[in-house]
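Chains A and B supply the protein sequences, listed in that same order.
So in the numbering used here, spot 24 of the first sequence is number 24, and the numbers just go up one at a time.
So in the numbering used here, spot 18 of the second sequence is number 18, and the numbers just go up one at a time.
Certain hints may be false.
Straight-line alpha carbon distances no greater than 27 Å define the calculated DSSO-like cross-link-like pairs of lysine-lysine that follow [as the list claims (entries may be wrong)]:
| id | chain 1 | residue 1 | chain 2 | residue 2 |
| --- | --- | --- | --- | --- |
| 1 | B | 76 | A | 41 |
| 2 | A | 19 | B | 57 |
| 3 | A | 52 | A | 19 |
| 4 | A | 22 | B | 76 |
| 5 | A | 19 | A | 44 |
| 6 | A | 19 | A | 36 |
| 7 | A | 44 | A | 71 |
| 8 | A | 40 | A | 52 |
| 9 | A | 9 | A | 44 |
| 10 | A | 67 | A | 19 |
| 11 | B | 68 | B | 57 |
| 12 | A | 41 | B | 81 |
| 13 | A | 67 | A | 36 |
| 14 | B | 57 | B | 81 |
| 15 | A | 44 | B | 68 |
| 16 | A | 71 | A | 36 |
| 17 | A | 9 | A | 22 |
| 18 | A | 36 | B | 81 |
| 19 | A | 71 | A | 52 |
| 20 | A | 52 | B | 81 |
| 21 | A | 19 | A | 9 |
| 22 | B | 76 | A | 9 |
| 23 | A | 71 | A | 40 |
| 24 | A | 52 | A | 22 |
Not close to chain A: a few residues of chain B, all C-beta gaps over 12 Å, as computed [as the list claims (entries may be wrong)]:
| id | residue |
| --- | --- |
| 25 | 8 |
| 26 | 17 |
| 27 | 72 |
Just so you know, these hints were derived from the structure itself, not from any lab.
By construction, the Cβ of each residue, glycine as well, lies at the ideal position given by its N, Cα and C atoms.
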Amino acid sequence: DTAVSQTPKYLVTQMGNDKSIKCEQNLGHDTMYWYKQDSKKFLKIMFSYNNKELIINETVPNRFSPKSPDKAHLNLHINSLELGDSAVYFCASKTHDGETQYFGPGTRLLVL
Amino acid sequence: GQNIDQPTEMTATEGAIVQINCTYQTSGFNGLFWYQQHAGEAPTFLSYNVLDGLEEKGRFSSFLSRSKGYSYLLLKELQMKDSASYLCAVRPDTGFQKLVFGTGTRLLVSP
Numbered sequence: 001d002t003a004v005s006q007t008p009k010y011l012v013t014q015m016g017n018d019k020s021i022k023c024e025q026n027l028g029h030d031t032m033y034w035y036k037q038d039s040k041k042f043l044k045i046m047f048s049y050n051n052k053e054l055i056i057n058e059t060v061p062n063r064f065s066p067k068s069p070d071k072a073h074l075n076l077h078i079n080s081l082e083l084g085d086s087a088v089y090f091c092a093s094k095t096h097d098g099e100t101q102y103f104g105p106g107t108r109l110l111v112l
Numbered sequence: 001g002q003n004i005d006q007p008t009e010m011t012a013t014e015g016a017i018v019q020i021n022c023t024y025q026t027s028g029f030n031g032l033f034w035y036q037q038h039a040g041e042a043p044t045f046l047s048y049n050v051l052d053g054l055e056e057k058g059r060f061s062s063f064l065s066r067s068k069g070y071s072y073l074l075l076k077e078l079q080m081k082d083s084a085s086y087l088c089a090v091r092p093d094t095g096f097q098k099l100v101f102g103t104g105t106r107l108l109v110s111p
């Protein structure tokens, strides 16, 4: 009965590699988000999609490319990983007119 | 620009009351949210204010003053499980519905 799920939960990789994180929600929501939480626990929005359409791109490097194959899924592909990409990445979703965003469990990315 | 300030850390005793303040300066305002985040877990929604005043929900209450750019989260009858980070977030506009988060307040409840 998981609402927002992410895979993988942990990801350890080398600098320069390319990796993907997946997010799925079974809440029937229209809008999905990617957030990055750094080592100081600061949570910052990266992208938002509404019905598979990109609506927010917060000046994230173009090494990060989100993809939404359908409104229940929002994936994040990262090219040429850098040390500074180490963080926890949270997916979230909500209805288009709802107030509350529901967060996934997070993906802990460590770039060595 | 967007600026949201919270104290970094607070401590309190089990059974006590604690107030966590949040001040904000944002390009627009369409609601303020409080989220709770336990260590290693996802943020979970606690409260939402869009009009001035106090919203009460069990042991937790949240207050908003839009003219002062100020909110607080009040936690009563503190329990050990309330030890967590509390994130204040502002929704700056009606359009894209993004949230801008503060840096969070880490609350430690001791016996």
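Compare the structure with the hints numbered earlier in the document and write down the numbers of the violated ones, lowest to highest. As far as the earlier hints go, 2, 4, 8, 20, 22, 23 and 25 are violated by this structure, in ascending order.
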